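**Student:** Sequence:
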Amino acid sequence: MKLYIKATAAAMLALGGAMVFSACSEDSVYNVDINAVPMAADYADNINITVDQATNTAYFEFTGKGVYPVWIIDGKSYSSAHTFSRYYRKAGEYSVEVKIGNANGMSQGTLTKTFTIDKTAMNGFGGFVYESDFNLWNGATKKEPSFFYAPGWNQIANPAYSFDGDAYIVTLPEETTDQWQAQMHIGTDICLEEGKTYDGSFIFTSTMDMKNITLKIHPDGDDDDSHSFFPNQKINLTAGEPATFWFSELEAVVPMDNLVFTLDFGGNPAGVEVTVENFVIKDHANDDGTVLPDLPSTPEPDWADVNSADNLWAGCTFTNSFYYAPGWSQIADPVLTFDGKNFAVELPTATTDQWQAQVMFHTDLSADTSTPYDFKITLKSNCDLGSVMVKLVQTDEPDAKHDSNFFFAETVALAADAPTTFWVAGVKAAEAMHAISLVLDFGGCADNTVVEVSDIILQVHHD
33 MKLYIKATAA
43 AMLALGGAMV
53 FSACSEDSVY
63 NVDINAVPMA
73 ADYADNINIT
83 VDQATNTAYF
93 EFTGKGVYPV
103 WIIDGKSYSS
113 AHTFSRYYRK
123 AGEYSVEVKI
133 GNANGMSQGT
143 LTKTFTIDKT
153 AMNGFGGFVY
163 ESDFNLWNGA
173 TKKEPSFFYA
183 PGWNQIANPA
193 YSFDGDAYIV
203 TLPEETTDQW
213 QAQMHIGTDI
223 CLEEGKTYDG
233 SFIFTSTMDM
243 KNITLKIHPD
253 GDDDDSHSFF
263 PNQKINLTAG
273 EPATFWFSEL
283 EAVVPMDNLV
293 FTLDFGGNPA
303 GVEVTVENFV
313 IKDHANDDGT
323 VLPDLPSTPE
333 PDWADVNSAD
343 NLWAGCTFTN
353 SFYYAPGWSQ
363 IADPVLTFDG
373 KNFAVELPTA
383 TTDQWQAQVM
393 FHTDLSADTS
403 TPYDFKITLK
413 SNCDLGSVMV
423 KLVQTDEPDA
433 KHDSNFFFAE
443 TVALAADAPT
453 TFWVAGVKAA
463 EAMHAISLVL
473 DFGGCADNTV
483 VEVSDIILQV
493 HHD
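Under the numbering used here, the first residue of the sequence shown carries the number 33, and numbering increases by one thereafter.
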């Protein structure tokens, strides 16, 4: 059966998705045979997906002739191109559905293809080279882990875990409140020589925010802090964001035979899942090509809960002002959408220079010159932003400008869709502030940039 369809619009939409066939003039006539729609299964061999694991980029290709693909990702029509690429930040198995269309319509069947991203791309330093021949972990014998899991110091059943040869995944069903209440011990036959120095790195990812995760590396049978190779070091984790726990050129002060890696998740929330992967430990003298990041001058502090009274930002009130001026010509203010103290900034028009997209929060907080403060903020943009300015500064008075009296003024680079946390610790005001303003500048943004801002913490610094 054939249908003759008179098109009175400028374009015709394919069945099953909003994919445009082609432009045409009014009153054009299409000869459509609904019995000649393609069968998806006939094109299974025309779909190719390759992954560049070095860049976490998947490349999609359709080689069929006389038809076109509709690539469906996360349940939505993503592309009708014969070739395209897409970046995936997190490790895992992914799938894409493909429908096939032609001038007669869209296939009823759907093809599904799967592919794997091997490693999660890191926002920051990703550690030493896991695959290196210098990595002592790769050739080591690993013992079955042992546990001490004791909420309230009352030991319960061991947590469930899995190990795939690379990553340990631990599930902690019950909450704990103190360090050392959720210990995992991984024994090995790795031995380090007294007097030599070593490098190490480990990647942690948690399904929930966690503070003060501890990693302690020590000889079997000796976990005394005065002897430990890497004693009682801690790391804070943001849910879903991998973080690298690392050290370089640390000396083995005693013979380190049969190393034990003690992980402690004490203080964990109920139901959290923690992944620990990419174990690397190597002789510092063996260069695997890793370039180390610059170290912060101040250790990261223990952060107050974002909703607690210790977070001064949680209890403050503020008013907003803006300077949004593409080409230095001011336009309508950007839109802020709030969710509690978190918010999103919508920037519909591109800017080219720093200070052309300022969002200011003028608070009722004040500061003297003797009190040190810590500050933390998480930023996530839907587009790359090479230089976001974060400035904590004295609020201007009607007759005075205070741009030079600030705690800090730092720039942060944002990769698209990757949350980035910026923090400073122990900063003081050069002069007393009658009021404090937070200034965020997104100058250089693209059209339709949206930046999500979350988990702002301003607290008094404690040594």
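Honestly, the hints are just simulated from the structure, not real lab data. Don't take every hint at face value.
Unchecked claim - Mimicking DSS-like on lysine-lysine, the simulated pairs with C-alpha atoms at most 30 Å apart in a straight line are:
| id | residue 1 | residue 2 |
| --- | --- | --- |
| 1 | 108 | 97 |
| 2 | 248 | 174 |
| 3 | 108 | 174 |
| 4 | 175 | 248 |
| 5 | 433 | 373 |
| 6 | 145 | 174 |
| 7 | 145 | 243 |
| 8 | 373 | 243 |
| 9 | 151 | 174 |
Model, not experiment: these values are computed from the prediction.
**Student:** Take the hints in turn and mark each one as holding or not.
**Tutor:** Checked hints:
| no. | hint | verdict |
| --- | --- | --- |
| 1 | 108 x 97 | holds (24 Å) |
| 2 | 248 x 174 | holds (16 Å) |
| 3 | 108 x 174 | violated (44 Å) |
| 4 | 175 x 248 | holds (17 Å) |
| 5 | 433 x 373 | holds (27 Å) |
| 6 | 145 x 174 | violated (35 Å) |
| 7 | 145 x 243 | violated (39 Å) |
| 8 | 373 x 243 | holds (21 Å) |
| 9 | 151 x 174 | holds (22 Å) |
In this structure, the hints that do not hold are numbers 3, 6, 7, in rising order.
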